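Peer 1: In case you want the letters, here they are:
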Amino acid sequence: MAFDEMYQEIIRDHYKNPRNKRPLTHLKAVENPSCGDSVKVEVDSDSHQIRQVSFDGSGCSISMCSASMMSELLSGKSVSEAKTLVRRFLSVIRGELPPDTLDDLGDLAALKGIVELPVRVKCATLAWHAVEKALETV
Amino acid sequence: MKAADLAELTTAQKKVNALRLDFPLLNKPLTFGGKPRPLVYFDNANTTQKPRQVIGALVSYYENSNANVSRAIHSLGEESTRIYEGARDRVKSFLNAAHREEIIFTRGTTDSINLVAQSFTSLLKSGDEIMVTEMEHHANLVPWQMAAQSLGLTIKVLPFTDEGVLQIEKMPDLWSDRIRLVAVTATSNVLGTVNPVAEIIRFAHERGVPVLVDGAQSVAHQKVDVQALDCDFLAFGSHKMCGPTGFGILYGKKEWLEKLPPVQGGGNMIRAVWADHFETNVLPYKFEAGTPHMDGAAGFSVALDYLESVGLDFIYRYEKLLLAYTMDKVGDLPGLHVYGVAPEKGGILSFLIDGIHAHDLAAFLDTKGIAIRAGHHCAHPLARRLGVVSTARASFYFYNTMAEVDLFSDALREAIAKLS
Numbered sequence: 001m002a003f004d005e006m007y008q009e010i011i012r013d014h015y016k017n018p019r020n021k022r023p024l025t026h027l028k029a030v031e032n033p034s035c036g037d038s039v040k041v042e043v044d045s046d047s048h049q050i051r052q053v054s055f056d057g058s059g060c061s062i063s064m065c066s067a068s069m070m071s072e073l074l075s076g077k078s079v080s081e082a083k084t085l086v087r088r089f090l091s092v093i094r095g096e097l098p099p100d101t102l103d104d105l106g107d108l109a110a111l112k113g114i115v116e117l118p119v120r121v122k123c124a125t126l127a128w129h130a131v132e133k134a135l136e137t138v
Numbered sequence: 139m140k141a142a143d144l145a146e147l148t149t150a151q152k153k154v155n156a157l158r159l160d161f162p163l164l165n166k167p168l169t170f171g172g173k174p175r176p177l178v179y180f181d182n183a184n185t186t187q188k189p190r191q192v193i194g195a196l197v198s199y200y201e202n203s204n205a206n207v208s209r210a211i212h213s214l215g216e217e218s219t220r221i222y223e224g225a226r227d228r229v230k231s232f233l234n235a236a237h238r239e240e241i242i243f244t245r246g247t248t249d250s251i252n253l254v255a256q257s258f259t260s261l262l263k264s265g266d267e268i269m270v271t272e273m274e275h276h277a278n279l280v281p282w283q284m285a286a287q288s289l290g291l292t293i294k295v296l297p298f299t300d301e302g303v304l305q306i307e308k309m310p311d312l313w314s315d316r317i318r319l320v321a322v323t324a325t326s327n328v329l330g331t332v333n334p335v336a337e338i339i340r341f342a343h344e345r346g347v348p349v350l351v352d353g354a355q356s357v358a359h360q361k362v363d364v365q366a367l368d369c370d371f372l373a374f375g376s377h378k379m380c381g382p383t384g385f386g387i388l389y390g391k392k393e394w395l396e397k398l399p400p401v402q403g404g405g406n407m408i409r410a411v412w413a414d415h416f417e418t419n420v421l422p423y424k425f426e427a428g429t430p431h432m433d434g435a436a437g438f439s440v441a442l443d444y445l446e447s448v449g450l451d452f453i454y455r456y457e458k459l460l461l462a463y464t465m466d467k468v469g470d471l472p473g474l475h476v477y478g479v480a481p482e483k484g485g486i487l488s489f490l491i492d493g494i495h496a497h498d499l500a501a502f503l504d505t506k507g508i509a510i511r512a513g514h515h516c517a518h519p520l521a522r523r524l525g526v527v528s529t530a531r532a533s534f535y536f537y538n539t540m541a542e543v544d545l546f547s548d549a550l551r552e553a554i555a556k557l558s
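Protein chains in written order, with the numbering used here: chain V, 1 to 138; chain D, 139 to 558.
Isolated chain D (complex conformation) (with noise of 0.2 Å):
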């Protein structure tokens, strides 16, 4: 890396230090193969670690505020009610969403791609067609192939090269005016690749087809302005940036979600029901059946207070520094694969190691007290695009240190020496 980039990546040190006091695991004795060892946890793409703010957060929801909520009149309803639609706010600012009803909570990404896949392709007909690519999450293609299934629609694949960059520029011959709809993840959880989302999105448009952006492993790493990106749907989850598990979000276009059918049925989802038929209520209440998870909006909220006070430009930038800090640690390691090297990468090294599998290098690892995942990722297409059963993925997050990637630098090394 750049000797201006080093510096920089070396100053930011103090700042990242000084985060990392917020991270309870973080900062916790723990045993790693028989010793004292901290805790590098490298596995944020899985899931990220939450600061005492968020679980401060959950802990109060409950000794202060727990009542469900819209429905109860007292007035500890009304305070509960208060903190969910207060984080609806929330999650409208961090956007920039256009409108507070185009916020509808779920129970994560995969929840949130599951409602649009069964919602928007009720409209459609069989011989119509959905656009992916070939590096989606199976979050991000078995609900499409599933509603495939029952509906008779065609799945078009847009491929990646070698380096794993997106072939945007096959979109024109893959095009067909029976495309309906454009599912496409703004990065890759296994290459780390960014993709021209505003491009793809910009193309789709113009042939009057709106595109769903799996945001998972992007809105968590940068900022994310959805009028700005002009997405028609926009799907993540809290618990991969600070925020508690089992909570998500759905962003989508007003008029499109007025226009799609509710996929739950129950409570809160009405206006009026009859023993043989029942009104929809408004949005955002149509597509949230049931009490919701009331005290994982109140983390979530607290989550995005967090990383805004961290800076998502911040977030973006130092994860780059970091892994490009990494690449000339590690890089030149004799026998290692990397697998996605494209331009506009984040914070996230999928790799092997010759001779060592890649679960035999997480245990290995851990016995240092260093987390990665080892597998498929979840992700059995992108995979077998690159021939290979399952890899190895190191992946940050604004708190991980120069000093962490020091320590799995050495551990690399020993690896090699004891496994190989």
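The shape of chain V in the complex, shown without the other chains (with noise of 0.2 Å):
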């Protein structure tokens, strides 16, 4: 798939309006060492029930996008069913299952194509890495 294709007017509406987006100055952020992009997730939740999944960071438009993309499909949702949220997004992006399946996941189906530009997989993961980590500690 073509980048002009992928930079779909999703990816661009959650760069330029990203979604549960606050400064998290008293969290450690997550970096792309190769590209210096930076991310910080925050859990909010009980031990079963997420509230909210809040972002902070800088960096291109496909880290910034998975991660406001991100926050909004596992707000809400169980604890469980977040791990397994996330699980399945990075399962797809490695190539383990097959690109179609992020069509359940709501806006995050615009980075289907993100599978087949191996140098934006850092990008786009980078946030997923971030809250599976966040998630560890609920």
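The hints are simulated quantities; they were obtained by calculation from the structure and are not laboratory data.
Hints may contain errors.
To be verified - So these bits of chain V aren't anywhere near chain D, every CB distance computed over 10 Å:
no. : residue
1   : ILE10
2   : LYS28
3   : GLY36
4   : ASP37
5   : GLN49
6   : SER78
7   : GLY95
8   : ASP107
9   : VAL115
10  : LEU117
11  : VAL119
12  : VAL121
Stated by the list, open to error - With a Cα cut of at most 25 Å, we get these calculated BS3-like pairs of lysine-lysine:
no. : chain 1 : residue 1 : chain 2 : residue 2
13  : D       : LYS467    : V       : LYS112
14  : V       : LYS28     : V       : LYS112
15  : D       : LYS173    : D       : LYS506
16  : D       : LYS506    : V       : LYS16
17  : D       : LYS140    : D       : LYS152
18  : D       : LYS556    : V       : LYS122
19  : D       : LYS506    : V       : LYS122
20  : D       : LYS140    : D       : LYS467
21  : D       : LYS173    : V       : LYS112
22  : D       : LYS556    : V       : LYS16
23  : V       : LYS133    : V       : LYS122
24  : V       : LYS112    : D       : LYS140
25  : V       : LYS133    : V       : LYS28
Owing to the predicted nature of the structure, the values given are computational and were not obtained by experimental measurement.
All C-beta atoms, glycine included, are put in the ideal place defined by N, C-alpha and C.
Using the hints, build the complex out of the two chains.
Peer 2: See below:
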């Protein structure tokens, strides 16, 4: 899939108008050392139920829209459901599940093309590795 | 740019277009963004493309001459050794070094600097100091930091201005009698700044201190004469100058190399070995443990022939003109920020465009067949000094053309319209 196609309105919208993005100065960022993109993720939840997932950070359109979409998808989900969704997303991006799996994950379907762009995979997964870590301590 | 310069650049296109025919990858039908497009390769500070002459030398080495060097008592081994040691003579003449033993073959610039960092610093004591600059590539920074950590050395850093000019006027203030070595890049891989290395060497030598020059971005682009420059060490790699990857050079003054201990043990670097000790081999073999990169040497030798036939002075002049032409084409783009505007500058353009992340810009240009680099360019302290996380970088070599710059300019305009 060409970059132009991938650069759909949906990605642009999340990049320009990120959801659940707020300053998280108290957290340590997860970084992609090769490009300097950095993201922080906070999970507001009790031991079973997530109230809200927030993020903060800077980076390219792929890393930031992926974080925004992730926060939208996981907010309101149960912790175990969220863990399953994170595993599913990462499996698709790693090429272990078919890209169409993302069709069930709302706006994230727009990131299907990333699978074919190995250099951008790290951008797309940055926030997901951060949330994976955050969910471990819930 | 001046009309006379533009005319000179325009005239040079004929020569450049003829040279381009030597590069298979620049003439290959490729597909970008779903359409057949020519490759516009503007990532030369990262690595350069290879002419067929160099590729041919690699193939020829394996088809005609392959045997281990220095230790095979047969004709093929002699032939291989002749090619390998012939490459040393070739590098000696390319650099105008005084002795062939001053040319050490390594894996590349990084390997060359690490060799000096490990060997030279083993002679130092806690509290001794190494001077570097704020515009160093990690390869000319981290090896010194590693030595500093293990030996208790201090790193002193020479800063640069907002324009990207090294502040050598600050050297006297930063200087101390504990400084044992100055390590400086000849040309910044991000800013493009060509540093006044000769002046730095003179300053350090007046105080009895040797200088290592990181030539990764300079030796490929301008004539370097190590005797005229009087550097004590010069590190550079083959792959940024039309040669094979995994091969590089450490030039070191004989008197220094003789003093320094080897850093890698093994075959070739020894004269004699007993069960509990060894005797070190003579230069240059002392620093070349193990079977070397023989095809690399064969290819690099031909790469140097090629560059000399193009002309190092032509290369330097041409890249400067092409950069000036590029600035004329894109300099006034809305939201463009250029990093590094030193008066003495090579063909490197680091930039950002408001509202477009460097990675997104690089990915967009790739759909147009234009290869640039985006990132921190292995120079974190420099990026921090500039106040940026990453930048986009277009870097030229003698085979880039005005027509390619025109495509680049059009693509940037389209990116601004579509992405910002």
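Peer 1: If a hint holds in the structure, say so; if it does not, say that too.
Peer 2: Status of the hints after comparison with the structure:
1. ILE10: 15 Å, holds
2. LYS28: 17 Å, holds
3. GLY36: At roughly 4 Å from the nearest Cβ of chain D, V:GLY36 sits no farther out than 10 Å, so the non-interface label is violated.
4. ASP37: 8 Å, violated
5. GLN49: 35 Å, holds
6. SER78: 34 Å, holds
7. GLY95: Per Cβ check, V:GLY95 is outside 10 Å of chain D; nearest 19 Å; holds.
8. ASP107: 18 Å, holds
9. VAL115: 15 Å, holds
10. LEU117: Violated: least Cβ distance 8 Å, not greater than 10 Å.
11. VAL119: 8 Å, violated
12. VAL121: 12 Å, holds
13. D:LYS467 x V:LYS112: 36 Å, violated
14. V:LYS28 x V:LYS112: 29 Å, violated
15. D:LYS173 x D:LYS506: 9 Å, holds
16. D:LYS506 x V:LYS16: 24 Å, holds
17. D:LYS140 x D:LYS152: 20 Å, holds
18. D:LYS556 x V:LYS122: Roughly 24 Å separates the two Cα atoms, so the pair holds.
19. D:LYS506 x V:LYS122: 23 Å, holds
20. D:LYS140 x D:LYS467: Holds, at roughly 14 Å.
21. D:LYS173 x V:LYS112: 21 Å, holds
22. D:LYS556 x V:LYS16: 13 Å, holds
23. V:LYS133 x V:LYS122: Given that 25 Å is the threshold and the Cα spacing comes to 16 Å, the pair holds.
24. V:LYS112 x D:LYS140: 49 Å, violated
25. V:LYS133 x V:LYS28: Distance ~12 Å between V:LYS133 and V:LYS28 Cα, so the pair holds.
In summary, the structure is inconsistent with hints 3, 4, 10, 11, 13, 14, 24 from the numbered list given earlier, while agreeing with the others.
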